[in-house]
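Start from chain V and add chain R according to the hints.
Here is what each chain is made of, one letter per residue.
2 protein chains.
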Amino acid sequence: MYSPKPLILVSNDDGITSLGIRTLVEVMQELGEVVVVAPDSPQSGMGHAITIGEPLRLHATPIFEGIKAYECSGTPADCVKLGKHYVLKDRTPDLVVSGINHGSNTSISVLYSGTMSAAIEGAIEGIPSIGFSLCDFASDADFSHVRPYVKQIASNVLANGLPKGVALNVNFPKKSEDTLKGVRICRQTNGKWQEEFDKRKDPHGRSYFWLSGNFVNFDAGQEDTCEWALENNYVSVVPCQYDLTAYETMKLMQQWQF
Amino acid sequence: MYSPKPLILVSNDDGITSLGIRTLVEVMQELGEVVVVAPDSPQSGMGHAITIGEPLRLHATPIFEGIKAYECSGTPADCVKLGKHYVLKDRTPDLVVSGINHGSNTSISVLYSGTMSAAIEGAIEGIPSIGFSLCDFASDADFSHVRPYVKQIASNVLANGLPKGVALNVNFPKKSEDTLKGVRICRQTNGKWQEEFDKRKDPHGRSYFWLSGNFVNFDAGQEDTCEWALENNYVSVVPCQYDLTAYETMKLMQQWQF
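Chains as they are written, first to last, in the working numbering: chain V, 1 to 258; chain R, 1 to 258.
Same shape as in the complex, but just chain V (with noise of 0.2 Å):
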């Protein structure tokens, strides 16, 4: 059973078929043995949701050539659980990636991330795992520019690790004329979306609303967060822990009555 090639699981939130998560197969393959398991359909915006009412499904696809690839009909998070419980069974990955995402995932939008969502249930499992994206919605954006960095974060997680716990947040400038600038290590920007809720009438005459928003950055300038980076054509790098204890905020209520 032994392998020497690192053994890598891939999933994404944007589903199997987007270019993103080509794009990631593609260079994981430079790296080691790749296994992917992936939605069958988009899941942006699913947080760590998980499947618990519904079956799941799982199907085996000759997608990406020449490598283990199956779709599943469920969340990031579910694929992840699959691929490590189901598909891998007695084989443990040496890593686990999500992506590229096609849109950012900085700030607080890393709660809503089905990316990192993935990731963040890696890290669970105690596996060394990264979530990507970049800053480019569009469905056929440019990832050429973000490859050698993909590969770069990878080999280096691979050969240093991570502590437990702790997954990488990743996020890259669209691409643009600018060479990219290197790597930063980034802190979450204190930020939010300032929802506005598109109120419109079905051909029924009922009401419905969409979502929407824009990002509000408490930190505007603060060099130390993922937004400054991305903004100065960096490469934000958050590292992102799944322990949510909010220790000082414990201290603090022990003087409360109850």
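Just so you know, not all the hints are guaranteed correct.
Identical chains share a label here; the pair holds if one copy fits it or two copies do between them.
Below, computed lysine-lysine pairings styled on BS3-like, alpha-carbon distance capped at 30 Å [what the hints assert, rightly or not]:
hint, residue 1, residue 2
1, 251, 192
2, 5, 201
3, 5, 151
4, 151, 251
By construction, these hints were calculated from the structure, which means they are not laboratory data.
Below, chain R alone, put in the same frame as chain V:
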């Protein structure tokens, strides 16, 4: 527009008809003016999902006598967004509460929890927010023992506020013959779900999977954890933050070669 009573926005993930949200509404009525925006169907396991690919529906419902209530086709996070930005418009709630969930949301389950995503969404909006869960999945679960604690914890939060970026994750032991011992401020237990996939054949001979599994506690016996508190018949309160940055890992990664 001045209201002498606090304005309390209530949501959940089990759906607006569940016994848990009815209990929460009744207790919150003792503390302030209540407005409900909750899913029109169960949303358990939705994590921090939001609805971006399809429109949302929102309907007023007379389900809670004398209370402004709306059922929504979206996720718990959608409900809080719609509640804050559309239903309440220019009025900001003094408190967002979510639950009471039928089933626990301890340890790693906080990531999968629709109940907590509603509370965290409230915190993102800068509103003190609490998610309540009972360790009993039964649809006719007994909530009688938790009512005084729900009121006390919510009163405390109304009086003291919460630090920015923090929401409370409150879990109650299942009703038993023993009286609850009180409230403990806890950290998130380090644990995970050890997945097992129940593979079956449908009537057409095609395979499908049910996700199931057992919880594994890596912090067994640690008295500062939520799991320990609940096992010992305490109410567990974990303050949770949505800044996921792993600051220690940031320092470590500055040494990496990029």
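Structure versus earlier hints - violations, ascending order | 2
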